[in-house]
Amino acid sequence: DSGVTQTPKHLITATGQRVTLRCSPRSGDLSVYWYQQSLDQGLQFLIQYYNGEERAKGNILERFSAQQFPDLHSELNLSSLELGDSALYFCASSVRDINSPLHFGNGTRLTVT
Amino acid sequence: ILNVEQSPQSLHVQEGDSTNFTCSFPSSNFYALHWYRWETAKSPEALFVMTLNGDEKKKGRISATLNTKEGYSYLYIKGSQPEDSATYLCAFISNFGNEKLTFGTGTRLTIIP
Numbered sequence: 001d002s003g004v005t006q007t008p009k010h011l012i013t014a015t016g017q018r019v020t021l022r023c024s025p026r027s028g029d030l031s032v033y034w035y036q037q038s039l040d041q042g043l044q045f046l047i048q049y050y051n052g053e054e055r056a057k058g059n060i061l062e063r064f065s066a067q068q069f070p071d072l073h074s075e076l077n078l079s080s081l082e083l084g085d086s087a088l089y090f091c092a093s094s095v096r097d098i099n100s101p102l103h104f105g106n107g108t109r110l111t112v113t
Numbered sequence: 001i002l003n004v005e006q007s008p009q010s011l012h013v014q015e016g017d018s019t020n021f022t023c024s025f026p027s028s029n030f031y032a033l034h035w036y037r038w039e040t041a042k043s044p045e046a047l048f049v050m051t052l053n054g055d056e057k058k059k060g061r062i063s064a065t066l067n068t069k070e071g072y073s074y075l076y077i078k079g080s081q082p083e084d085s086a087t088y089l090c091a092f093i094s095n096f097g098n099e100k101l102t103f104g105t106g107t108r109l110t111i112i113p
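Sequence lines, in order, name chains H and Y.
Heads up: the first sequence begins at 1 in the working numbering, then just goes up one per residue.
Heads up: the second sequence begins at 1 in the working numbering, then just goes up one per residue.
There may be inaccurate statements among the hints.
[Unchecked claim] Partner residues are not named here, just some residues of chain H that face chain Y (Cβ under 7 Å, in silico):
id, residue
1, Gly42
2, Leu43
3, Gly52
4, Gly58
5, Phe64
6, Ile98
7, Phe104
In case anyone wonders, no lab produced these hints; they're calculated from the structure.
No residue lacks a Cβ here, since even glycine has one placed at the ideal position from N, Cα and C.
Model the full assembly from the supplied sequences, consistent with the hints where possible.
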């Protein structure tokens, strides 16, 4: 158990809808990262937060947004969903920065129909 | 776009044999390199964080070396066991000033009993 909690585990929704994925980092970790893994693709970096502030941004679509709250949990919001957004979304946390290893949650499997 | 390549893409190794595989990354902008192990139906688990040229890290039968000047890292597994079957991912961090980890697509290792 990595200590990183992601909810929900599975999500099935229709095109055009909006969903929110939630992540609670490991106790004491200040950084939260979001990654997307689509079919036959590697882990694609979306966004990173450190202690409530956005730290780095990857290829995150404008339809997607995220935030990290004062209690350090994070939410990834996906809107105007398309079929191609179906993927496994991972959250990871680390103590402080990229010299610390990432601890991954079990992921949220999103299926857009 | 940062290119992180792992080879081979997949590997079958007899139980008891030793094996190694490669992660290649841009040598000119190195900051750090991570190795992760990803078992099927689980989440990636950190193995090593490497930052210095010539670094060698070890965890049980698994070890890794780092050559930042030529842009590669090797992961070695000695005396492979069935529980070593997993996908091994490396992640590169550049010194561009952001904290984006760029993952390779992994080497899928299968140990044949």
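Outcome of the hint check:
1. At a threshold of 7 Å, the smallest CB-CB gap from glycine 42(H) to chain Y is about 4 Å, leaving the interface hint in force.
2. A distance limit of 7 Å between C-beta atoms decides the matter here; for leucine 43(H) the minimum to chain Y is near 4 Å, and the interface restraint holds.
3. Given the 7 Å rule on beta carbons, the hint for glycine 52(H) is violated: about 15 Å separates it from the nearest Cβ of chain Y.
4. A cut of 7 Å between beta carbons decides the hint on glycine 58(H): the least distance to chain Y is about 6 Å, and the hint holds.
5. With its C-beta approaching chain Y no nearer than about 16 Å, phenylalanine 64(H) sits outside the 7 Å limit, and its interface hint is violated.
6. Checking isoleucine 98(H) against chain Y by beta carbon gives a least distance of about 5 Å; that is within 7 Å, so the hint holds.
7. Among the interface hints, the one on phenylalanine 104(H) holds; its C-beta lies about 4 Å from the nearest C-beta in chain Y, closer than the 7 Å criterion.
Violated hints, in rising order: 3, 5; the structure is consistent with all others.
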